[in-house]
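Protein chains: 2
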Amino acid sequence: MAVENYDVVIVGAGPVGLMLSTCLARWGYKIKHIDNRPEPTATGRADGIQPRSLDLLRNMGLKRKIMAHDPAKVYEVAFWDPNSKGIHRTGTWASCPKFIDARYPFTTLLHQGLIERVFIEDIEKNGVQVQRPWTITGFKNDGKDPTYPVQVSISHVDDTHSETVRTKYLFSGEGARSFVRDQLGVKIKYKDPISHVWGVMDGVVRTNFPDIKMKCTIHSDAGSIMVIPRENNMVRLYIQVASSTDKDWDPRKTFTVEEVQEHAKQVLRPYTISWDRIEWYSVYPIGQGIAERYTLDERVFMGGDACHTHSPKAGQGMNTAFLDAVNLAWKIHHVESGFANRSILSTYESERKLIAETLLDFDARYAKLFSARIPSAGEVAGASSAQNPAEENEFVKTFKASCEFTSGYGVAYLPNTVNWGAEHPAQHPLFLNYQKGTSLRTGRILTPATVTRVVDANVVHLEQQIPLNGSYRMYIMAGEPSKTSAPIKDFATHISNPTSFYSIFAHKDTSVDRYHELHNPHNDFISVCTVFNAKRADIHIDEMLPPVFARYRDHVFADDVWDQRVPDAKAAAHAKMGLSEEDGGVVIVRPDGYVGAVVKLEGGAGTCEALNKYFSVITGKRLGEERAAL
Amino acid sequence: MAVENYDVVIVGAGPVGLMLSTCLARWGYKIKHIDNRPEPTATGRADGIQPRSLDLLRNMGLKRKIMAHDPAKVYEVAFWDPNSKGIHRTGTWASCPKFIDARYPFTTLLHQGLIERVFIEDIEKNGVQVQRPWTITGFKNDGKDPTYPVQVSISHVDDTHSETVRTKYLFSGEGARSFVRDQLGVKIKYKDPISHVWGVMDGVVRTNFPDIKMKCTIHSDAGSIMVIPRENNMVRLYIQVASSTDKDWDPRKTFTVEEVQEHAKQVLRPYTISWDRIEWYSVYPIGQGIAERYTLDERVFMGGDACHTHSPKAGQGMNTAFLDAVNLAWKIHHVESGFANRSILSTYESERKLIAETLLDFDARYAKLFSARIPSAGEVAGASSAQNPAEENEFVKTFKASCEFTSGYGVAYLPNTVNWGAEHPAQHPLFLNYQKGTSLRTGRILTPATVTRVVDANVVHLEQQIPLNGSYRMYIMAGEPSKTSAPIKDFATHISNPTSFYSIFAHKDTSVDRYHELHNPHNDFISVCTVFNAKRADIHIDEMLPPVFARYRDHVFADDVWDQRVPDAKAAAHAKMGLSEEDGGVVIVRPDGYVGAVVKLEGGAGTCEALNKYFSVITGKRLGEERAAL
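Protein chains in written order, with the UniProt record's numbering: chain A, 1 to 630; chain B, 1 to 630.
In short, the hints are calculated from the structure, not lab data. The structure displayed is predicted, hence computed values, not measured ones. It cannot be assumed that every hint is accurate.
[Unchecked claim] Okay, derived cross-link-like pairs now, EDC-like style, lysine to aspartate or glutamate, Cα gap no bigger than 20 Å in a straight line: (1) B:Lys187 - B:Glu298; (2) A:Lys125 - B:Asp524; (3) A:Lys144 - A:Glu336; (4) A:Lys65 - B:Asp122; (5) A:Lys483 - A:Glu582; (6) A:Lys63 - A:Glu231; (7) A:Lys436 - A:Glu336; (8) A:Lys140 - A:Asp182; (9) A:Lys65 - B:Glu231; (10) A:Lys65 - B:Glu602; (11) A:Lys535 - A:Asp563; (12) B:Lys85 - A:Asp563; (13) B:Lys98 - A:Asp563; (14) B:Lys65 - A:Asp145; (15) B:Lys65 - A:Asp70; (16) B:Lys65 - A:Glu231; (17) B:Lys436 - B:Glu602; (18) B:Lys63 - A:Asp70; (19) A:Lys125 - A:Glu231; (20) A:Lys85 - B:Glu543; (21) B:Lys85 - A:Asp542; (22) A:Lys65 - A:Glu121; (23) A:Lys98 - B:Asp563; (24) A:Lys65 - B:Asp563; (25) B:Lys125 - A:Asp70; (26) B:Lys508 - B:Asp524; (27) B:Lys189 - B:Asp361; (28) B:Lys65 - A:Glu121; (29) B:Lys313 - B:Glu357; (30) B:Lys313 - B:Asp276; (31) A:Lys85 - B:Glu602; (32) A:Lys63 - B:Asp542; (33) B:Lys30 - B:Glu4.
[What the hints assert, rightly or not] Which chain B residues stay away from chain A? Per the calculated CB distances, all over 12 Å, these: (34) Thr160; (35) Gln183; (36) Ala457.
Note that CB positions come from ideal geometry on N, CA and C, so glycine has one too.
Next up, chain A with everything else stripped away, as it sits in the complex (with noise of 0.2 Å):
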């Protein structure tokens, strides 16, 4: 029998294997996943999605889906310690406090299971069905068939069934306990030496509790529980039932229903609780545990729970399960359409790694913080108002870091090959960093702006207007036009060169009917944006613009709405990324939205001569006049 192949086969359908799985399937890959359960998570798990992950759900159209369910937001997070009747308020605090610039200021509280579905249905309009239940019992990247040189094997879980294919990639969302990374004797380090086991339980309740529709951390003389409202008014309450630390430790320590809600009446006395139904409740130990590798040949990887585990309590679970993937799926991308160099695969576990890293880092001081030290009121009213920066002590300063991170807002990317930074091997004097002529940090998201879209006046956020389709985006801060012509036409023409990044991977077929494409008329790995200092009705596109940039119509934008946090700017998107607002400036992002570099735009080859630089060290080809002089 002929052995089947495939681009990926993706094992696990959690929410890191479903997230690779949709951005891939979008992108025309053929795919193999499975997942060894017979059907999709019916109830409780993770739930958190973070303000970031609701910008990347937007991105990828599938925010609306996930709304549609009425999940619980979470704005506030509230702190009860214990005093002499019980349990007190000693404050709150934004969970995502405006300080950070997000859309969606809150966390979304909705069970994974309805999350999944979401993402099933995507893949399944793409042509990929979940292969249930089966599982993976071998793998070898055996390089016999240099295309596909990776050979796995799966069966039915029953063992009815089984099939062994090829593969150019195979990718493990397994969770913790990994088949994949037992194989490949990749171990976990843990960070941490403490182990945990949790009770969760999902209900309905009734309580004169007054802050059961917020997030809390309650700590009482009879224990410590979290709260966190849901979707379908419910509520979660997580328990931490044993340590390692205790005396009696053991892991597969367990609690009935009953115990822990006999538990909870007692730690939120004076107030009372009872349950109208209770939908989910499991137990389930937690270590702060790292893979020590995410892939050991860039052709089998690993993301989510199977490299990092760590404690709930900060949601974080699935949101870096669905940055792991998305990171992974654009690389792979580019690297199999011919885009990049293969190298840029490397960055998925340099990328990937320190976050999980910091994660875990953050994760024990935030036990640390709940568990060890109690804030006392003063403190905490310090850091729910923040009027007064000066009176921040240190527990304030950590806690702000922290809802940066939390928030997801916080992720930075090191310089590499797709972060331009000072070492980076493109070197040119147009280069602009943080520290020189723009505010934006390359490897961080590009700040979100408020615009006015010239073709319908329609007032949009700017960095959603290119969605998920695997294209790099650049966008042309235009500054005045009248300051700009000159250097916006002398970019058009350099770019226009046929060895230009831009033009050298030009769609080959120019058969195909292109009229209607917003994205990407050009080719497929970059899309641009335009954005000028002026009135949109001031805005002429076929006069101002060069057809090159023209052409993409739906995508040139007046930086003309007023923002509360740059109230004295004239052009908010232009101040916002710290760019002159009368010259601009060219700032690239990769297809995930973070920053990749920030050339200045002016007069002449340079503009285009540094993008020629930057995108040749992440392509592999000589790009720019130079070859084309030859």
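With chain A held as given, fit chain B onto it using these hints.
Only chain B this time, still in chain A's reference frame:
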């Protein structure tokens, strides 16, 4: 055979019939709904949802389903006039300018069929099926059964089956050709003697006309066209193909698709246009007519196009239909559920006919503005920037007034039984009006305001917190807690009197478990919100509110969100309603969102007394302390 009895028989499943059916089905009424078309609208027809209608759809929980179709959004209108080269743009202006405080300052464009389907799904969930293709063949209010006084005969359009039923109410949403209206002998009064024949065409085009994604009015030497962007990359072109002022006027005059396309090509020169596909095309005559009566007996009612016809230019048809239906729905509900006096039914005609008359007047003026007079560039620039009100001319002023009307926010019902006014039978010194103590006007929509919900710290839209549940909305704008603590306590004491407007309708069946009931814990006719001028974290519901108001835990808000419209206010919601930020006030809002009465919040019995008087008039009951003393 026994004749089946219904609460309402609805004829016609267009926007007006479906909206009525949706409201009444949700509120538990037994409905017979017929339509003479075999299928719902497949393409074309009405398509513009105005800002106010979007508020209403959101209030019904239907907005997200409408938006899931990715409708086009019109933020601005562009004006094109003839010049030597063909046409040129003379200016643009906002379709819902900033001076209107709208949540959604745009028109939403989506074909009627997609909108209808959202309603049809909703009524089906409530057990109502539209019976198709069936038509009405006769009816009479013979009173033979006092509970179901109207007999209605209906039959399949091919006459194979027929039924006779009895009903409390018969509603005609049949459109311009109304059998019911004809049978009643109600005349159409033609406001403007001029009739027109319109051609309308939906399709996907290729053009270099720069404003193809804007709403445009184009005058050229070759004729005039109106451009409306649509969902799915389509565009609608409206073209007036004949007018009764023409020498060769023929109301049956028609044009082929090709003729209209050729016409469009001429009008758009020097720009080019061609069509990839045509989705819908129609030619139809329009007269500006209004029915002399909307009901003769307050048992048989009409609404929507059966009562008013006009040009499609301002996109008002469906919106007026929606508001006709909602207006009637809650009044029927209040009468049939024993809350209101039957006399409130007369306000349906008086309120909605006034709006139709305003619409027709406006339509005539609008047509004149667009057809008879071409604005000069200078005038349009004035409207567009509007930075110096002193420079505004008559044209701009007319436009501005029109914007308020076309957005749906211009609706202003006159004082009557439900809209308090100086002549209202209920008189009490504590009533406030826009000349004294508030900027709210009875008969107009409640001012939108953003506030923070206390229980979960969610930032929410106050005006949306009570859904369209058929209840009056009582907003206790509670000012500063230190100032209003005593008045609120007194108010609670007096409305807890069994004969008060609030308590007299208390749920009879106290055995029902209403623990999770958010909106109607005490009665079915009034839902309460309380808004404090305080920071969220400083509001302790159980300590600061008497139990009757504290019971609405999910409806207690902090007026602590800054608003650009009242930048210096501490409590923006209070300020926008023109109420004292210290002393607050009580705002009664009708079930459809229009202000009914505003009363001062004062210590003692006065606040409750004033509202007892107001609701005595509506309910026909003697409410309040007097009776309790009997």
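Hints versus structure:
1. B:Lys187 - B:Glu298: holds, 17 Å
2. A:Lys125 - B:Asp524: Violated - the C-alpha atoms of B:Asp524 and A:Lys125 are around 44 Å apart, more than 20 Å.
3. A:Lys144 - A:Glu336: holds, 19 Å
4. A:Lys65 - B:Asp122: Satisfied, since the Cα-Cα distance of roughly 18 Å is no more than 20 Å.
5. A:Lys483 - A:Glu582: holds, 7 Å
6. A:Lys63 - A:Glu231: holds, 15 Å
7. A:Lys436 - A:Glu336: Violated - the C-alpha atoms of A:Glu336 and A:Lys436 are around 36 Å apart, more than 20 Å.
8. A:Lys140 - A:Asp182: holds, 13 Å
9. A:Lys65 - B:Glu231: holds, 19 Å
10. A:Lys65 - B:Glu602: violated, 46 Å
11. A:Lys535 - A:Asp563: Satisfied, since the Cα-Cα distance of roughly 15 Å is no more than 20 Å.
12. B:Lys85 - A:Asp563: violated, 40 Å
13. B:Lys98 - A:Asp563: With Cα atoms ~15 Å apart, B:Lys98 and A:Asp563 stay inside 20 Å; holds.
14. B:Lys65 - A:Asp145: Judged against 20 Å, a Cα distance of about 49 Å means the pair is violated.
15. B:Lys65 - A:Asp70: holds, 13 Å
16. B:Lys65 - A:Glu231: holds, 19 Å
17. B:Lys436 - B:Glu602: Between B:Lys436 and B:Glu602 the Cα gap is close to 15 Å, so the pair holds against 20 Å.
18. B:Lys63 - A:Asp70: Holds, at roughly 13 Å.
19. A:Lys125 - A:Glu231: Between A:Lys125 and A:Glu231 the Cα gap is close to 27 Å, so the pair fails against 20 Å, i.e. violated.
20. A:Lys85 - B:Glu543: holds, 17 Å
21. B:Lys85 - A:Asp542: Judged against 20 Å, a Cα distance of about 17 Å means the pair holds.
22. A:Lys65 - A:Glu121: holds, 11 Å
23. A:Lys98 - B:Asp563: Roughly 15 Å separates the two Cα atoms, so the pair holds.
24. A:Lys65 - B:Asp563: violated, 30 Å
25. B:Lys125 - A:Asp70: With a Cα-Cα distance of about 18 Å, the restraint between B:Lys125 and A:Asp70 holds, given a limit of 20 Å.
26. B:Lys508 - B:Asp524: Answer holds: B:Lys508 to B:Asp524 is near 11 Å, not above 20 Å.
27. B:Lys189 - B:Asp361: holds, 13 Å
28. B:Lys65 - A:Glu121: holds, 17 Å
29. B:Lys313 - B:Glu357: holds, 16 Å
30. B:Lys313 - B:Asp276: violated, 25 Å
31. A:Lys85 - B:Glu602: Not OK: A:Lys85 and B:Glu602 at ~36 Å, beyond 20 Å, violated.
32. A:Lys63 - B:Asp542: violated, 36 Å
33. B:Lys30 - B:Glu4: Roughly 11 Å separates the two Cα atoms, so the pair holds.
34. Thr160: Nearest chain A Cβ is 41 Å from B:Thr160, so the label holds.
35. Gln183: Nearest chain A Cβ is 44 Å from B:Gln183, so the label holds.
36. Ala457: For B:Ala457, whose nearest Cβ neighbour in chain A is about 4 Å away, the distance does not exceed 12 Å, so it is violated.
Hint compliance for this structure: hints 2, 7, 10, 12, 14, 19, 24, 30, 31, 32, 36 are not met, and every other hint is.
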